[in-house]
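K.L.:
Construct the complete structure from the given sequences, taking the supplied hints into account.
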Amino acid sequence: MRLIGRIGSWFDARLQLGGPIRETAEHAVPRDSASWFYVFGSAALTAFGLQLVTGILLATVYVPSAGEAWNSLQVLNHDIALGWFIRALHGWGSNFMVAIVLIHMTQVFLFGAYKYPRELTWMLGVMLLLVTLGMAFTGQVLRFDQDAYWGLGIGASIASRVPFAGPWLVNLLLGGPIIAGATLSRFFAMHVFLIPGLLITFVCLHVLLVLTLGVNEWPVPGRIVRRATYLREYHQLTHTKGVPFVPFAVWKDILFSGFVLLSIAGCAVFFGPFGPGGPPDPTIIQTAPRPDFFFLWIYALLAFLPPAVETTLILTAPVVGIALLLLLPFFAGEGEKSWKRRPIAVFVVLLAAVTLGSFTQLGLHTPWSPVMDAWSSMPIPREYLHGRTALERRGAIVFQEKQCRNCHSLDGQGGKRGPALDQVALRLTRDQLVRQVIQGGGNMPAYGKNLSPAEATAVVAFLHTLHPEGQAPARDAAQDVALGADQARTPLR
Amino acid sequence: MSVDTVVSRRAVLAKIGLAFNFVVGAILAVPIVRYLMSPVARGRTGGYLDWLSLGGLDQFPAGQTRLATYRNPVRNGWDGETADIPCWVRNIDGQNFQVFAINCAHLGCPVRWFQQSNLFMCPCHGGVYYQDGSHASGPPPRGLFQYTYKVEDGKLLIKAGETPTTGSPTASSKGNGPSCA
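These protein sequence lines are chains L and W, in that order.
Residue 11 is where the first sequence starts when you use this note's numbering, and the numbers rise one by one after that.
Residue 924 is where the second sequence starts when you use this note's numbering, and the numbers rise one by one after that.
Keep in mind the hints are simulated off the structure, nothing from the lab.
Keep in mind it's a predicted model, so treat the numbers as computed, not measured.
Hints may contain errors.
As the list claims (entries may be wrong) - If you anchor each label on the Cβ, the simulated ranges turn out as follows:
#  : chain 1 : residue 1 : chain 2 : residue 2 : range
1  : L       : D486      : W       : G970      : 58 to 64 Å
2  : W       : K1078     : L       : L325      : 37 to 43 Å
3  : W       : L975      : L       : A199      : 28 to 34 Å
4  : L       : L272      : W       : E1004     : 37 to 43 Å
5  : W       : L959      : L       : L325      : 18 to 24 Å
6  : W       : R933      : L       : A363      : 58 to 64 Å
7  : L       : A318      : W       : L941      : 48 to 54 Å
8  : W       : A985      : L       : L323      : 42 to 48 Å
9  : W       : L975      : L       : F340      : 54 to 60 Å
10 : L       : K262      : W       : A937      : 46 to 52 Å
What the hints assert, rightly or not - Mimicking SDA-like on lysine to any residue, the simulated pairs with C-alpha atoms at most 20 Å apart in a straight line are:
#  : chain 1 : residue 1 : chain 2 : residue 2
11 : L       : K459      : W       : L951
12 : L       : K262      : L       : S273
13 : L       : K459      : W       : Q1039
Cβ coordinates follow ideal geometry from the N, Cα and C atoms, glycine included.
P.N.:
What follows is the structure, encoded as structure tokens:
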């Protein structure tokens, strides 16, 4: 032990870091801030540390070449001892890091920690969120599979909508005219050099500011932040009732970080690595590309934007959103910190959570997408055919064959793009059914050119049988009067 | 010589040094920017598009729509499968063709052809197109992108080489009709 001590003092005599380190470790924090609510920042840093280590480990095998990347991931998954585990750690570490950064941000927002004098700390935090998401997106590209390939296509399509510079931006993004080797190389450079460099820089400044300005005190309702008095009040809080960070607060950070690492490792062991999915061969078009979890809400949102405002919203909403986040401390830099006295702040968090959660849920189920194989894999329920006429059964065949099922469900099976048709005869009269099938409308393609008159008659006859027993199908009452009740009620069958 | 003048002389020298570095930096920036912009510059001068063959006409029976693939004319040795680009060829009547890009006009996902219902459907956000490529339903703001084509020596040729997106050359040329017989 004495030898270690002597070696230590030999280095410290030259480096002279012992003093500053001790001072940093023992800096005073408000007693209430040594709380379990204040562990998410350090946990995010721990997750980043894990990403750094596992990322370097993966880079020793991964080949950033469009022709070989997918194969090298297969080698990692199957041929290299525990390669799958390192990939799983990196993949799950990414998800945990994004989640923890979001939780940290929510906590900081609800606790008013972005207010004076910590505006810059918050702004750097926003930048850290952006670079973390940037890492997540570029990382998804490096897992060079079908989802990555078509995800890049979506990125290029969005870039192409920028006025004037669009096509240039697409070439810059892809590194050429198509998604290919040059594209993967530049995303590799971004994921491994550029964005981590930014991330490390921002983290250093962020932590430096936390140390310089002191950690946020526990918000107490009624304790108002004022520029004129805050620094003095905070100084008093830390120096009269403060406690040294080590050991009063640090043990919670350390324990939680350990818990996070264990959780990531647990997920990695139980759920394994993410993909890769199918090979990045654009000629394999039997695919339904989907982004990773944290981008699903954007994917879902893009299905719902009205075409008229889509481009404008895609291009301006992110800019406005980021600007609002960055400028938040400037329009709410003083005042109450406690969330108990900030109902609008609480409402904003709830609204954001419900919105993002709902869109993510929709992104998982994609009800707007046709079920491409429904027409061939989901038969018409037996009871919908029982006791029907030949024409109606012929209509059922047309219904399947013309892929109506891809968008319309029967008995809960089939696409959800269009309405379920189990009771369609209650909603539409025979004439309305004919019109809808032939002309389309309301987001349905017109089938007039794709159906012979006989087929159209048959499919409408089938649709006209889709109503619950004991409930009569819809009919045009005016027609009854015009044609005479007897004639109109006589079915065509 | 007083201390003040010595200091200011060195301050001036330091400023000259800074200015010198700034000039050198600016000069160095030119090739760096040119290097970074090379994907764009190449596209602007030579153009990425080229005539390439999709194969003999017998592969595309009249009245049908078939998937064809081509190797992208601008490519690198390490592109692997990503340089193989698919497209949909519609032989309208044995004489006239339409060659559609695989990429949905909404956000570029691969559209699939359903011959039974004569529709193209996109798996991403549910865009649907009629057999002539026009918009049928869903979020796409326009019909499918089309390549310009021509028939030479019994082969179908298209002008391609760049992923079609809004604003790209493939998108602006509507691609209708043979450019030469």
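K.L.:
Confirm or reject each hint.
P.N.:
Taking the hints in turn, this is what the structure says about them:
With their beta carbons about 59 Å apart, D486/L and G970/W fall inside the hinted range of 58 to 64 Å. The hint said 37 to 43 Å for the Cβ distance between K1078/W and L325/L, and at roughly 41 Å that hint holds. Separated by about 30 Å at the C-beta atoms, L975/W and A199/L satisfy the suggested range of 28 to 34 Å. The hint said 37 to 43 Å for the Cβ distance between L272/L and E1004/W, and at roughly 39 Å that hint holds.
Here the CB-CB span from L959/W to L325/L is close to 22 Å, well matched to the stated 18 to 24 Å. Our hint of 58 to 64 Å for R933/W and A363/L holds, since their Cβ atoms are close to 59 Å apart. For A318/L and L941/W, the Cβ-Cβ distance of about 52 Å falls inside the hinted range of 48 to 54 Å, so the restraint holds. One distance hint, 42 to 48 Å for the beta-carbon pair A985/W and L323/L, holds here, with the actual separation near 43 Å.
Against the hinted window of 54 to 60 Å, the Cβ-Cβ separation of L975/W and F340/L comes to about 55 Å, which satisfies the hint. Between K262/L and A937/W the CB atoms are about 49 Å apart, so this pair conforms to the stated range of 46 to 52 Å. The suggested pairing of K459/L with L951/W is violated, with an alpha-carbon distance near 62 Å, which exceeds 20 Å. With a C-alpha separation of about 16 Å, the suggested pairing of K262/L with S273/L holds against the 20 Å cut-off.
For the hint linking K459/L to Q1039/W, the alpha-carbon distance of about 12 Å falls within 20 Å, and the restraint holds.
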